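S.K.: With the hints in hand, could you dock these two chains into one complex?
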Amino acid sequence: MMYYEELHNLNGLLVESRFESIGRKQVEDCPGISFKEELPDSRWEEYVFTSPDALHQEDTRLTPGPFKYPLVLRRSGARMLIMSISRKIVEHILSNNFLSIFSPRPHFITIGVDRLVKTTIQQPTEYALSFVHARLPAFGASLRSVSFYGDDLGDASIFRENIKYMTCFVCGLRKASGGTEIVRLGTDGFISFYMTSPARVLEVEEVLSFLREKGYLSTHILDK
Amino acid sequence: MKVLDGPVFLSIHSRSKDRHRIIEIVPSQSIALKKWGPFSRISPIFRIVEFGKESPQEYSFNGKKQLFFIGPVHPERIIAQLSESSKAWLSLGLFNILVIPHTLKEAKNLEKWLEKEKNDPCAFEIWTIQNGVVLDQTIQTARKTPANLPTAVIGIGDGKYPSELGEAIAEYVPLMASTLTRSSSSSAKMCNELSDELIELCGFHEKMLAVSKKDINMPYRALDLMLTINAGLSRLASQTFAGTSPIFERECHFWSHSLLGIGVATLALRNIKIFLEKTLGQARIPQRFWAMSKKKENAIDLSREMPPDKDFLADVDLGETANEPVCPLISYFSGRDGWRGTTTTISAPLAAITACNSLRWSLLTLTHEFSHIVIGAILSDLSPDFSDPQDLSKFERLWKQNKAGDTLFEEIQRTLLFSILEMEQVATGETPDIRNDHNNESLKALFQKWKPQIEETMVHVFDFIYFYGKDVDKYINGIWSSWGTIPNVTSRIEDYIIRSICAVLSTQWRRGLKAEDLAKKDVEVCLENLNSTDFGGRYVIDALKIIREHWDDRIKKKVRARRQLVKIVSTYLFSKEIATIVRGEPEISGGTKDTEGYTLHPCYIEDKRIRNPLVFTEIYTKLAKPSPAFSLWMYYTLAFCVRRDE
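Those sequence lines, one after another, are chains A and B.
The numbers in the first sequence follow numbering that gives the first Met the number 0, run straight up by one, and end at 223.
The numbers in the second sequence follow numbering that gives the first Met the number 0, run straight up by one, and end at 645.
Bear in mind the hints are in silico, worked out from the structure with no lab data behind them.
Please note that the accuracy of each hint is not assured.
As the list claims (entries may be wrong) - Reference listing, derived: stretches of chain A covered by chain B, where coverage requires no fewer than 3 residues with Cβ under 8 Å from a Cβ of chain B:
no.	region
1	132-140
2	181-191
What the hints assert, rightly or not - Okay, derived cross-link-like pairs now, BS3-like style, lysine-lysine, Cα gap no bigger than 25 Å in a straight line:
no.	chain 1	residue 1	chain 2	residue 2
3	A	K87	B	K607
4	A	K87	B	K1
5	B	K607	B	K277
6	A	K163	B	K309
7	B	K575	A	K117
8	A	K117	B	K277
9	A	K24	A	K67
Remember, it's a predicted structure, so these values are computed and weren't measured experimentally.
Each residue gets a CB set at the ideal place from its N, CA and C atoms; glycine is no exception.
The following block holds chain B by itself, in its conformation from the complex (with noise of 0.2 Å):
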């Protein structure tokens, strides 16, 4: 089944005089547009071929139809049940497949189908038609009695939270009550999956709460919690039942799709969240770290030995933290959040929902947000608490003792000091004096300016050898095609290059002094040919002149002050076992032609499963130019092809 580029139109209109809901199908939003009123609501809808037949661009419902929304379902378990002269259209909606049966026998066979189709069922409703006219409605939504609310939710609602606290609580309880619910009330498999996660999650939602109840900032702390999380669920809501039964009494916010919403798409990012928690999450990095750097035995001293070529990671054995459950992350898609991650939360811009096999709107860019919340972890425990002097003594003490620390763990914030006098020192041309700060100020200041650019170089490092394979082309082009959407971002580019290099340099770093200039080199003709293409964007031209320009001067002392973050990372974040489930893909057969051992077929829609969608998206988003059809086509695969049963 083929999905032609180029969408088409659904829209429903009320007639003002009689208040009856006109449906047509149109080539364009424009003419839909004509008729608008205060009730009009539209969605794209996707035109396939099938039985050699592409579906009509235009349709008016003359005589009497009967029109069926179905899904969520793959839509070749749909196709298989209609014959030749039937019509069909796919949508990003959960109802995913819009059928017009050829016959009204043909439509009463499909309908007694569905209705008997006991295992996956899915949900339909069927709109009789005539002349364009919606007469009536048949809802049939594989209903299922919505699960209780869990005590959690209730417990939530009921608890006693500071006045400040109120609003935000107030909104989240009927708020997690009704996704809940309308997740819960369906019989598809997928909208149960997301209901199990929404139960687990509260519990975690009450956890925090209770948790940050003890918090001397509370209750801000709680506060922007609630409303991190509220934004993410309303959206997560909003987007995925939007457009499902009944139809007419469920409008999407995103006003281009505010008849059928888009819960394809967001079943699709949905699925990735979830491979990242299931190897990434389960992994528990920030815990092996922590307990592989307590160790007496890995204690070193980083200013003077080569740390061994050892998967640290690996050996730890965490005991009964590893059954713990994850945290499920919110996700959702947002042309306000664009790609965030937050330890509750992960979006993606809106526009991936049309560009997403793009490069330039890739979803792997999700990677970099999960990095942050790993790499936020991790630098959370090594960063002294300010709040507390005597924690900013023990630092400082680390500091002035001009040896290796006790054990890794005090070696590798020694180490981070260490690099951030030397950042301090390059960007200002003077070394900071923290040696008679008796008061620690200095080192306060000094570890709040430069903690993000840490987070950002150590993130790009952890991206780029567990997310990118340690492939130089396609880090590089991803990342500054990504860069190239974001406005105003000219003076930025001077720190683009520095992160870029930084994380090429995890490949080299053990070649010894040379190491910068090799990453560099890498980096410059990565640039050079992304120049060449059509990926290259605004920031390339500028990017080149500046590294030309201003590497033996300026960036290379930048990306060497950075050197012993990346050491950190790549020796000690990193762990081959892990990378082996993160990008280990059992349902690629090899090969080395672009799609390297995938045998799906960009825009045809087949039930071929694949167990990866982080190896998928990558290999398949490699194009400039965003399409429609080809977007739809990697949220089909990636929502009803991931395959996570083994």
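Looking at chain A on its own, in the form it has when it is part of the complex (with noise of 0.2 Å):
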């Protein structure tokens, strides 16, 4: 059996469910889950999500199942951050384990990252665009999309002047007074961070509330 401890680059997704919340228990008694431990100094938790399927390019030859993948959640009501080392463990959480405790399936919460972008660019609050991945829809097949890196792609010239060409659909935020790149996000609810040090999880709950306050995050259950 193989487990990953470590808790280095994290991945997933930020969705809502139909319930007013979802509590632990509800997650525990996800088949394959199990809890493991909250976060220190957070309100974040990990649990164990045991899996009889590969889900991380192990080969099967060498390593037999089942697998064991960390699970880290961050509940809020009715919305929860799940995160694990891909997306893809994530996704097959969400469409198998946790379908018989949640019906209808929690949904992705998306994220206004073109608006956000754009928003940013005009209006330059506490963090900082470190990256930008964006299509080009009027170029179509001959330009389809771009990436921009740096430390403050709002600063530069290059990027304003094209950004009405663009429609963005990932992200990168830092913080204006320096430091590494926080948090990825994607506009279909996706999250990834690298986890640099324990302070790292409440960095992104900050980005997240940051998010929330201004009316970025949207809920996918609609006409609620």
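M.R.: Below, the structure written as structure tokens:
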């Protein structure tokens, strides 16, 4: 049996259930999921997910199943950030293991990445853009997408001048005051970050609060 | 929630001995037909898989049951209120989810929840059924008082018109009044939006009639306008509101859906139409073109110079015009009209109801019809007024002056004339002599002869660059698959080849003399690939044969004669900024998979939102084989998940 102890790069999704709140018990009741511990000084929880299938490109000839993967959760009311070492594991859990407890299954919460990027350029905030991946719909097949990397993309004129042609779908944020990238966000609720220190989860939480306050997190549960 | 393919049928019959209504769910239409009577009605409904269980294929309503008709509502809102043992089906009507609660207690709870739901309430009707006999109906339509009829409707009704118009106006007024009151009497947001749009539409219709009164061709132009509006409106009303409460009293004349109508499909179609209006319509390309082409600084000799690579349209300041409302089109399905766009209506074929997942019946074809509306308006400005000899003479002078027009507008008029003469010369082998044509009759005849070809060529280029993102494979596959459904077009294959190559020429024309050959090669490769798939259709083999045998002696010359038209559309009618709005989809997350960043799965109904119905339609319309369930899933996504609030 194999277990990835290293919580280094976490990838996952921001989801929402139709239940008024998601409790630890409900998560633990999902098949294959067991509670491990709370992350220090935070409201984040670590669970262990046991899967009969290899979900992280393991060579099953050398390492027979079942496979154990870390699962990191931050629950808040009906919303939940669910992370693991790859997005594929998270999607597998949502599509399979959660179904017996959550029906309809939790939905991805979209993040208004395009609006976030365009607003950040016009009205800089405490966060700076460290990465942007965008489509260029007007150019069609001739030029499909572009990526930009830097410490503060909004400060670069080449980026600002061409933003009107872009539909941004992934962006990275860092503190405008300095430091490394805190988190990478995707339109479909994708969240990714490096656990460079235990405090990183709190920084991610601050970013999520910022997104919620500014109205960038939109519920997928329509008409609610 | 997964939708299963192969619909089952909900049918009601009137029992002759006591006139009681009998209801049943049967697996095929032919079974329902065995009991058919003069009051029978039927609608396909779709089974779902939820809580790991499939809805039944047949159901006889043994014992005492309650059947809830609920909608319009995203089914997940209702499913969340049900237990695992309840049964549910989906329909294409505005009552889009049918539920049989497991117990009468559960039925009571559902009814209470529906009554309390204040945030976007949905209408419902409950039938109490005993051994298949409908005992009674409880109607809770989430009703509100219908809006007062707008003054425009009353104004049109009270107006004075020539007698030939009387019948059309007499039909319009109650038709609009009924459509309006039916949509405004529901509390559902979707119906209210339609009601608001209809009120706006009445104002436009009133203005159109007032303008038409001043026209010398009156009353026939106005009559044509009213007949088109009436045809569209009556289909929209019948297809959308048939099968709403009271269900027994509202029959749909699309007979395969006579019980519940196709309200979800019409609302989906309307969402595509609204997107087109709010993006390309609001961009007001004809007005921008008009303003831009009259500016002195944009003057150019198109016969000698390469136009600059510039976003001409984006630079135009429309001023107050930008805030004026765009006249909404009436969208509907029609077996007779099929794909058709006019200045007041836009339609899709009835076959698309169960086959819109197939490339042959793709709803993306609507973009071609919408492009006709835009290009038609531009050509109307550019064309001479044939009834005005002065205008014709001015046009003739443009040709005789042997130099560029004073403005870009005049130069484009001169270029249009040049293209017409080229097309005529290639087609007949003779150069028309319009220089010695003192009464302009030849010019008039030539313009009238070639205007449809000019419009089609420009429309194909416009459609290709704005809606297909210059993706040759997608475009050629799309239009040739769609043409495959049209009977008896063998004689038009050459025209279709020319239009296809002209569209693709828009990506190559800056490459100089080889441009036509390069565009031809692109199209040929696509058609070869298409021929090896299920999409091919009857005409692709013939098209390849014509291209191979007649490229040098015929087709190339015809394409070259249209080169200037391609240049005009690519340079002066294309705006990168407008195209970004038309083709942008902030809800996709990237990726190179088939779904290009959408996380939706065909036939799985989820309330994930989308913002660009065209991109959604493009990405999920890839199959050759029509599938009613896949099509239903597309209509549900287009009707319930398109968001326009940002």
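S.K.: Against each hint, give a clear statement of whether it holds in the structure.
M.R.: Comparing the hints with the structure gives:
1. 132-140: Satisfied; 8 residues make the cut.
2. 181-191: It holds: at least three residues are needed, and the region 181-191 of chain A offers 4 whose Cβ sits within less than 8 Å of chain B.
3. A:K87 <-> B:K607: This hinted pair holds, its Cα atoms lying about 19 Å apart.
4. A:K87 <-> B:K1: Measuring from Cα to Cα gives roughly 21 Å; hence the hint holds.
5. B:K607 <-> B:K277: holds, 22 Å
6. A:K163 <-> B:K309: holds, 15 Å
7. B:K575 <-> A:K117: holds, 18 Å
8. A:K117 <-> B:K277: The hint holds at about 21 Å.
9. A:K24 <-> A:K67: holds, 20 Å
Hint check: no violations occur; every hint is consistent with the structure.
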